[in-house]
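Chemist: Here's the letter readout for the chains.
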Amino acid sequence: MEHNEYIPKPAKLISIKEEVGGARAIKTFRTQFIDEHSFSHQCGQCAMLSVFGKGEAMISISSSPLQKDYHQFSILKTGRVTSALHEMVEGDTIGIRGPYGNHFPIDEWKGKNLVFIGGGIGLAPIWSVLQTALGKKEDYGELTLFYGSRTSKDQVFREELKELKKKMTVHLSVDVEEPGWQEFVGFVPANIKDKAPNPENTITVTCGPPIMIKFAILALQEFGFKDEQLYTTVENKMKCGIGKCGRCNIGPHYVCKDGPVYSWAELKNLPQEY
Amino acid sequence: MVNIEDLKREAKHLLDQGKVKYIIGYKKGTHGILAAPFFIKTPEEVDDLVWDPTCVHNLTRFLDDEKKKKARQKEPDQRPVGIIVKGCDSRAINVLLQEEFIKREDVYLIGISCENTGVLDEKKLAEKTNGRQVEKVEFAEEDNFVILTDEGKMEIPAREILAERCIECKTNTPVVKDVLFGEDIVRSVAGDFKSLEEIEALSGEERWAFWKKHLDKCIRCYACRSVCPMCYCEECVVDTINFAVTADTSAKEKAQKIKWIEKSPVLSENFVYHMVRAMHLAGRCVDCGECERVCPVDIPIRLLNKKMEKEAKELFDYDVGLDHDRPSLVASFRDEDPEDFIR
Amino acid sequence: MEKILTKQTFPQWIEKLKSYTIYAPVKDEGHWSYEILEDAASISPEYPNAVESPKKIIFPQREILFDFGSQENTGVAVNENLPAEQPTVIFGVRPCDAKALTLTDKVFSGDFEDPYYWKRRNAAVLVGLACNTPPSPNCFCLSVNGSPFSKEGLDVLLTDLGDAYFVEVLTEKGEQLVGAAGNLFSDTPDKTKSEVKKLRTEAEKKITRQVKDADRIPAKLKEIFDEPFWEDEALGCIRCGICTYLCPTCHCFDINDEVASNSPLKGKRVRTWDNCQFPDFTMHSSGHNPRPDKASRLRQRISHKYNYFVELYNEYQCTGCGRCIDKCPVGIDIIEVLNKVNEYGA
Chain A
0 MEHNEYIPKP AKLISIKEEV GGARAIKTFR TQFIDEHSFS HQCGQCAMLS
50 VFGKGEAMIS ISSSPLQKDY HQFSILKTGR VTSALHEMVE GDTIGIRGPY
100 GNHFPIDEWK GKNLVFIGGG IGLAPIWSVL QTALGKKEDY GELTLFYGSR
150 TSKDQVFREE LKELKKKMTV HLSVDVEEPG WQEFVGFVPA NIKDKAPNPE
200 NTITVTCGPP IMIKFAILAL QEFGFKDEQL YTTVENKMKC GIGKCGRCNI
250 GPHYVCKDGP VYSWAELKNL PQEY
Chain B
0 MVNIEDLKRE AKHLLDQGKV KYIIGYKKGT HGILAAPFFI KTPEEVDDLV
50 WDPTCVHNLT RFLDDEKKKK ARQKEPDQRP VGIIVKGCDS RAINVLLQEE
100 FIKREDVYLI GISCENTGVL DEKKLAEKTN GRQVEKVEFA EEDNFVILTD
150 EGKMEIPARE ILAERCIECK TNTPVVKDVL FGEDIVRSVA GDFKSLEEIE
200 ALSGEERWAF WKKHLDKCIR CYACRSVCPM CYCEECVVDT INFAVTADTS
250 AKEKAQKIKW IEKSPVLSEN FVYHMVRAMH LAGRCVDCGE CERVCPVDIP
300 IRLLNKKMEK EAKELFDYDV GLDHDRPSLV ASFRDEDPED FIR
Chain C
0 MEKILTKQTF PQWIEKLKSY TIYAPVKDEG HWSYEILEDA ASISPEYPNA
50 VESPKKIIFP QREILFDFGS QENTGVAVNE NLPAEQPTVI FGVRPCDAKA
100 LTLTDKVFSG DFEDPYYWKR RNAAVLVGLA CNTPPSPNCF CLSVNGSPFS
150 KEGLDVLLTD LGDAYFVEVL TEKGEQLVGA AGNLFSDTPD KTKSEVKKLR
200 TEAEKKITRQ VKDADRIPAK LKEIFDEPFW EDEALGCIRC GICTYLCPTC
250 HCFDINDEVA SNSPLKGKRV RTWDNCQFPD FTMHSSGHNP RPDKASRLRQ
300 RISHKYNYFV ELYNEYQCTG CGRCIDKCPV GIDIIEVLNK VNEYGA
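Chains as they are written, first to last, in numbering that gives the first Met the number 0: chain A, 0 to 273; chain B, 0 to 342; chain C, 0 to 345.
Think of the hints as simulated: they come from the structure by calculation, not from any bench.
Keep in mind the model is a prediction, meaning the values are calculated, not measured.
Positions of the beta carbon are idealized from the N, C-alpha and C atoms, including for glycine.
Where hints are given, some of them may not hold.
Which residues of chain A face chain C? A few of them, derived with a C-beta cut under 8 angstroms, are [unchecked claim]:
| hint | residue |
| --- | --- |
| 1 | H36 |
| 2 | P198 |
| 3 | N235 |
| 4 | K238 |
Within a straight-line C-alpha distance of at most 35 angstroms, the following computed DSBU-like cross-link-like pairs (lysine-lysine) qualify [stated by the list, open to error]:
| hint | chain 1 | residue 1 | chain 2 | residue 2 |
| --- | --- | --- | --- | --- |
| 5 | C | K17 | A | K267 |
| 6 | B | K127 | B | K20 |
| 7 | C | K293 | B | K211 |
| 8 | A | K53 | A | K111 |
| 9 | B | K253 | A | K152 |
| 10 | B | K27 | C | K211 |
| 11 | B | K211 | C | K211 |
| 12 | C | K17 | B | K127 |
| 13 | B | K256 | B | K123 |
| 14 | B | K193 | B | K73 |
| 15 | B | K135 | C | K211 |
| 16 | A | K267 | B | K68 |
| 17 | B | K26 | B | K256 |
| 18 | C | K55 | A | K8 |
| 19 | B | K212 | C | K17 |
Label pairs and their in silico Cβ distance ranges [stated by the list, open to error]:
| hint | chain 1 | residue 1 | chain 2 | residue 2 | range |
| --- | --- | --- | --- | --- | --- |
| 20 | B | E233 | A | E137 | 53 to 61 angstroms |
| 21 | C | H30 | B | E150 | 21 to 29 angstroms |
| 22 | B | E233 | A | E176 | 32 to 40 angstroms |
| 23 | C | E230 | B | E233 | 17 to 25 angstroms |
| 24 | C | A83 | B | A208 | 53 to 61 angstroms |
| 25 | C | F224 | B | K67 | 32 to 40 angstroms |
| 26 | C | I35 | B | L147 | 38 to 46 angstroms |
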């Protein structure tokens with residue numbers, strides 16, 4: 000039988016953790032395939048998750064490829080499929096196909112300092128590459144994370160962030176003043192300006208809402224970061240995940256297949272239509 | 000007869016004086032027979048304005064675009080939009096006014112009387128010209144159309160190539176306007192709802208077979224909805240997303256949006272789409288016939304809307320779009336109305 | 000291989016093709032469409048072109064990718080629903096529509112072969128009919144490397160010679176088809192070739208519409224991406240889907256679940272055509288829309304065909320069939336738009 004990319008493979012939700020509650024709820028799901036299935040991904044890649052009866056959504060894989068026991072997805076409840084996912088319980092079956100897209104070229108980054116910049120749910124795509132770099136810490140220079148959320152309640156991976164602080168530099172921020180908050184108050188780009196990262200031998204990885212990406216990149220450029228040092232991820236509405244259904248394109252690029260990872264050197268030359 | 004030079008003079012004057020922000024009219028199409036919608040921003044462009052039997056479009060459809068654009072602007076230009084309206088188009092204006100979708104001061108209505116003719120049906124014309132290339136169609140004396148083709152000139156009675164809706168039209172002169180070109184005459188029409196006679200004579204099974212055959216062809220391009228001045232809903236039952244969604248719309252609201260109709264172009268879904276549209280146009284459709292004209296697969300959509308128009312006439316003595324001060328059909332109840340369950 | 004088949008014996012050829020499903024253009028109340036042929040005699044070469052191209056046979060507007068339903072052990076069972084490899088002949092394919100399929104082939108190949116598409120594509124034999132007279136006044140195949148007598152993508156090309164067809168057998172599939180009734184085909188007299196050549200020259204002369212300097216357009220489109228040009232050109236657009244649904248090369252699709260029962264779960268995952276002119280095509284679930292207005296959507300349609308596709312595959316994703324022009328409710332004319340693109344700012 001020939002290969003049919005449209006068929007999702009059934010997988011069990013082995014754990015579900017509530018990261019953020021309320022109207023913009025985020026949950027982290029860990030999955031295991033039911034049948035033996037080779038699914039090895041690279042940092043930054045995505046997978047198409049199926050809730051049968053509701054449809055599919057493209058979600059970035061937040062676990063490191065070094066983690067072989069499960070795959071992890073941190074998902075903001077935002078539409079029909081993600082709302083259905085949030086209703087599911089441990090043991091339920093979803094479908095997974097993929098992995099799709101390109102990946103962060105972390106092998107090329109060996110010996111360099113890495114600055115991760117995330118906003119809101121944008122920490123999810125960073126998490127995979129961050130964990131991988133941490134897992135091979137000896138291969139890289141200094142590791143730094145900037146992470147901002149609307150409020151402290153909107154932070155994902157709250158406990159993990161506490162642990163992370165023991166291993167690397169973490170600059171947290173919230174958008175507006177709140178009681179008991181000890182760290183930076185303001186948007187992520189402002190926090191970057193405040194901490195003044197050094198561009199020398201450094202790669203940055205920025206993920207978050209489009210407006211945050213735009214201003215974070217402007218802030219980094221002010222410190223002398225070159226376009227080739229600035230990496231980001233793009234998202235667009237997707238249906239097929241394999242560059243055929245025609246909606247996620249930015250010019251001739253299909254984000255599902257040619258993205259989601261772009262250096263600013265590449266992205267700035269594409270139509271600004273994302 | 001309408002003198003195009005008078006019309007151009009008025010259009011130039013309006014733009015020169017800054018009385019309108021732009022004018023929606025007609026220009027010669029770049030191909031084929033029909034004119035094309037024309038958005039005139041400067042007096043210089045007015046020279047390309049045309050008025051002839053190929054000006055079939057109901058331009059009031061573009062008031063929806065204008066309204067949306069205005070809503071996005073911080074300091075919108077408050078001047079009216081000049082718009083050329085035929086009799087049927089003017090009734091669409093009345094419905095839009097009745098429904099408070101537009102305000103009277105939003106539009107400057109350049110009315111044009113179709114006098115005793117109307118606009119043409121492209122397919123009927125093609126049969127008459129039989130392969131000859133049509134260069135121009137013009138109004139002529141004695142209710143004739145003059146057709147200039149690559150093989151010379153033909154003059155034929157307009158009635159033979161008129162659009163179906165024009166044959167049944169009773170408002171050949173605009174019912175609401177700021178200025179009128181052409182003669183203000185009321186013409187007599189032989190037989191109301193004549194176009195329905197054939198289908199009404201069919202048995203239930205035959206009618207089912209008729210619609211099954213036609214609606215099976217539907218490719219759901221939604222041209223009928225998109226061309227309709229009354230299909231201005233922010234959210235249509237066929238859309239997968241509510242276009243009123245903003246960053247603040249909750250996931251719950253979005254997830255709970257009911258999927259009334261599947262995207263699949265299969266008979267059941269096509270039926271639901273066309274029936275919903277027909278119902279939503281009851282007492283609102285002005286029979287401009289645009290939905291049927293644009294259908295790429297020749298579905299006789301006009302019959303559905305005409306039937307609703309007939310029901311409104313017979314049950315409630317309601318004529319669509321004659322008077323914007325009257326309440327709309329579905330927003331009014333009178334003691335003499337036949338259904339009393341609503342009381 | 001070149002042969003002659005008289006029109007009188009043509010139905011006999013069709014009779015010999017019983018093992019195939021046969022599609023041919025059929026006229027119903029003035030509307031031409033490709034339908035399964037029930038009566039060999041009803042096949043007629045006297046048609047312009049069907050409103051919908053044969054794309055809809057190879058890549059139907061709706062197809063079920065798989066069924067799904069509750070199952071005890073795994074939770075959900077998925078049953079693949081690949082189309083059967085039913086040998087199919089499509090008669091009367093116009094050269095522009097055959098070429099269009101070769102372009103769609105490129106999309107459905109590559110890293111991820113699309114099995115649904117290829118099952119039908121591989122089982123289909125395309126019998127073309129050269130356009131002695133251009134089917135539409137808006138034909139412009141000559142501007143986009145096509146021709147009314149092009150053989151590209153066809154298995155057999157027929158040319159109407161009045162009382163007979165000149166039959167050019169172009170592929171192995173075509174040979175099998177002709178071989179099914181070899182005795183009906185006779186050898187070609189010497190004069191036929193010059194006759195066909197003459198027909199071709201005449202046909203090409205009849206194509207009057209033209210995109211000037213099409214090769215300059217890709218670069219020009221890149222250049223004017225941000226210009227107000229698009230807003231002006233799209234003013235009349237009513238955001239319907241005619242242009243792309245009727246386009247023989249447009250391939251964009253949507254995937255949705257259609258549920259027959261929630262408990263126990265039972266449903267289908269369905270692929271349907273989708274349309275870059277619809278506002279919800281690119282709208283994110285957040286409400287953000289990268290192509291929020293009709294100007295950006297018109298720009299996408301034109302740029303995809305005349306810039307992005309050229310960059311990816313070195314071909315225009317347009318074969319000049321003229322359908323989008325013929326059927327646009329408001330007279331948006333791709334030839335005119337392209338010519339204006341070329342002249343813009345000059």
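Chemist: Output the numbers, in ascending order, of every earlier hint that fails for this structure.
Modeler: 1, 2, 5, 6, 8, 11, 12, 13, 14, 17, 24, 25
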